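Undergrad: The lines below spell out each chain.
Number of protein chains: 2
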Amino acid sequence: MSQKIDLIIHNANIYTFDSGQPRAEALAIADGRIIAAGSVSDIRDLDGANAARDTLDLKGATLIPGLNDSHTHFAWWSLIMQELKLAGINKLNKVLDLVAESAEVTPVGAWLQGQGWDKNLWGDEFPNRMMLDRVAPRHPVALMSKDAHLLWVNSLALQLAGLTRDTPEVEGGEITRDAQGEPTGILKENAMSLVHRVIPEPTIEQVEAAIEMALPEAHRTGLTAVHSIEDAIGFAAFQNLRAQGKLSLRTAVLLGNWAIPHLQALGLRQGFGDEMLWLAQIKFFLDGTLGSQTAAMFEPFDNSPDHRHDNCGMFRMDPEDFERQARQAIRSGFGIAVHVIGDHAARLGLDVIEKMQREEDSGRLRNRLEHVQIVTPQDLLRFAASRIIASCQPTHATTDRDVAERYWGYERAARSYQYRALLYSGAPVAFGSDVPVESIDPRKGIFAAVSRRREGENRPAFFAQECLTVGEAIRGFTYGAAYAAGDERRRGRIAPGMLADLTALAQDIFVTPEDEIPQTPVVVTLVGGSPVYLSL
Amino acid sequence: MSQKIDLIIHNANIYTFDSGQPRAEALAIADGRIIAAGSVSDIRDLDGANAARDTLDLKGATLIPGLNDSHTHFAWWSLIMQELKLAGINKLNKVLDLVAESAEVTPVGAWLQGQGWDKNLWGDEFPNRMMLDRVAPRHPVALMSKDAHLLWVNSLALQLAGLTRDTPEVEGGEITRDAQGEPTGILKENAMSLVHRVIPEPTIEQVEAAIEMALPEAHRTGLTAVHSIEDAIGFAAFQNLRAQGKLSLRTAVLLGNWAIPHLQALGLRQGFGDEMLWLAQIKFFLDGTLGSQTAAMFEPFDNSPDHRHDNCGMFRMDPEDFERQARQAIRSGFGIAVHVIGDHAARLGLDVIEKMQREEDSGRLRNRLEHVQIVTPQDLLRFAASRIIASCQPTHATTDRDVAERYWGYERAARSYQYRALLYSGAPVAFGSDVPVESIDPRKGIFAAVSRRREGENRPAFFAQECLTVGEAIRGFTYGAAYAAGDERRRGRIAPGMLADLTALAQDIFVTPEDEIPQTPVVVTLVGGSPVYLSL
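Residue numbers (my numbering), protein chains in the order written: chain A, 1 to 536; chain B, 1 to 536.
Just chain A, same shape as in the assembly (with noise of 0.2 Å):
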């Protein structure tokens, strides 16, 4: 009796968050699984006569399970990464090099799209539509500024819009015009939309080109999979991908309440497809958010801007349209994962899955709840109690603090992001980025679990009492991730049996620190044993 190795990798420090044995030194691989962890004696026995095929020296790098994101929007944010990227450049005609070269590679016609400029890098001027025609005369041009307020476009993308001296103003919004009363080229607030409507959906080959980009930097990041939101043409972009050999990232592919009726018709059920792309639950949007005070609340907003007293946000969703349509989902097969951001929301999200599970389903399928960003003492006990899967994004909590504490109030902002009180009650915590509303870095994620913190700034704790360990913010990136897609027997943990999904760090992040976190190198990325990202 033999056993095929074909990679061995050691001199690492194993943590494998496998309770049957803690820490490793050395692993052994076959066919994209995991078949042995040990001391480097243990597999350098198991090894034996049969010399493995191949050997990793992680030169005393540390070794956690594959890194993955429960929340992402992963073909949305590979198209913006597509775009210019116009943020810290501090010299107006820098910004203009870049369109020039950009226009240079670009057909003639095609939009050219980008985002983060800030005048106040060069002085304040304005920037203006002749400034853009110069260098791209034949190319629509948009480009959003950094805190996306403001559009700057060129003499022909206001063509296209058909944007004049004559036409009107928009409510909530400003066509800025010279002293003609031309338009000058700044769009402001609703005004952006005079353009952004007439840019057209990419295509299916954009998007299978700008996610096949976008992979390397996914792998640069230490992830392995990500759970992604998709309509149907990124859906489509993934398994064209997946067809041509291409997909390197598993992907969870969670459709929106707009697919039920045909996955109903078709008879499709979750979990079709393969280790790399598979169907996951569906996606509903019950409330509004934060930012905007539309998260649905069971006491209104502190300080609503619109100087209601009563604000309480809102559902968009009838409750008695998204009890029916979740029983449709649940009915074919589907968990359910439904966007909640306020305490009444997460209510009605909690109510309505305990009910489906009383009423339709075995047991058999994942139910969860995403954001979860505040809920009742009582109601965060029901997660544990009914195994219903809270999918947070920790880099939510570091950046909407101040949001949270305006809009909630400091004792309603106790209870909020509360990742510490649900993992001691012992609800199924999965964590994610949410990116591109956050970054996709994990480390940022599990940086902003473990410090509630932003990076570089100086204040305590967002309520610090909520603070995780370093272990635990990467269990809920790996474990918690898998568990969240029903996958915890294949992935989330280094242990014989399970896929050979790995990510090593250069530093030991359990001991380094927490500041040192979010900068720490990825050194390597091996998604089923093959490394998709290697830098050591």
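Don't read these hints as lab results, they were simulated from the structure. What you are looking at is a predicted structure, and each value in this text was computed from that prediction instead of being measured. Be aware that a few hints might be false.
All copies of an identical chain are treated as equivalent in the list; a pair is satisfied when it fits inside any one copy or across any two copies.
[What the hints assert, rightly or not] List time: in silico DSSO-like cross-link candidates among lysine-lysine, alpha-carbon distance up to 30 Å: (1) K59 with K4; (2) K246 with K4; (3) K85 with K119; (4) K91 with K146.
For chain A, the structure is supplied; the task is to place chain B on it using the hints.
TA: The following block gives chain B in isolation, referenced to the frame of chain A:
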């Protein structure tokens, strides 16, 4: 460098269908794939120090690539397999005993269905409802006669159908009645629909259970894979079995053109799934059948039973609608599989596929015509030129021969079921059964392609110039079917890297008298290197 081996198969008479090494004696298998084929000593050397976990001595049996049926209705067949099999029973009491036994193990109130009873075998006495009432008073019973023109039901079935002495007769049918005018329980022809319409559709659990029971029967005939035309419930049942690890038959699912809008809406692509279950082409129905003289022909049917001299059959889809839907399917990333029986239908199918190849498809998609029972000489050559798959069911040639000569006449029949001519032309040919219309058994299909006679029939071959060699027939059920699924790089030959799907036969059907082919025992069926049927 070493190589794990899971299984060595030796002492086998192997036909590899791989031109590099057509014959072998032994195989090495690892991880579900063939890693080597050769002489016993070749494989022994490969094995070396590294003893395989398992060996299988085939005792001289003949091993061929796993049989693959390119045209089944597997879920439908599975459901029929659940019904009482009454064919050949020569005593009325024996039929009643079987119904009584079945009633004992079936929940009260559930329908008991059966088929194949033949009153000629028990002396021509018409049975009646009272006989069934005695053995199954609390189950509605519906038993179809062998010729499918009579339905024998019990009183409960009549009651559920609302069928009484007052029910008016049905056009083209007869409700048999006794002297008092009461229905006797025998319904003829169109009157059968009065009961059929009240029999509930099977639940997904029933379909799932039926498929699970049918899988061993498929493997017993040597099948390792099928293409199956399914509706939503059948597809869902296959997915449920796959999710439970119970699907042992590789299944390429063809959904009907009803699915196109849903596939488009979701962005699903052909090929989505895994190596056991995946989405294949979209199935269209273009014309009728030979037996009902509804196949679309260029020239009228001979001897049309309605005494028309201008019956050229019919298109079941408007040609423009067919083209429009075919274009939608292909734009959505699906090849098309088109039911064409008549030569006019074949022409339209070829025309539209070639047009789509020019206008839409990069050549990546595999398109196919199903049945291809008669084509004009000039159209026959287009399959090869345009790489359009002719997906044929050799058993049809032998069961249809008299009908073909009657309704097409001798000259046209001479260009029907032209498997030899198609192969000579270079056409890609795939073979299947059309189960449950014909037996699922591929040995019967191979025999039909080779002999062009029915089993046990003492007649010359039906146009003997179209008879195939055994190797050609097997190739249609192996490589040909794999090619039709776009899957010839991993299935259909015995060669390193191919999936270890294999069928072992007790005799060498390449040399046995052809009449022995249908009864040649299958001794082993392997899927992915694992035995799914074993009778050594």
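Undergrad: Decide, hint by hint, whether the structure agrees.
TA: Evaluation of the provided hints:
1. K59 with K4: both (24 Å within a copy, 28 Å between copies)
2. K246 with K4: both (26 Å within a copy, 27 Å between copies)
3. K85 with K119: within (14 Å within a copy, 82 Å between copies)
4. K91 with K146: within (14 Å within a copy, 87 Å between copies)
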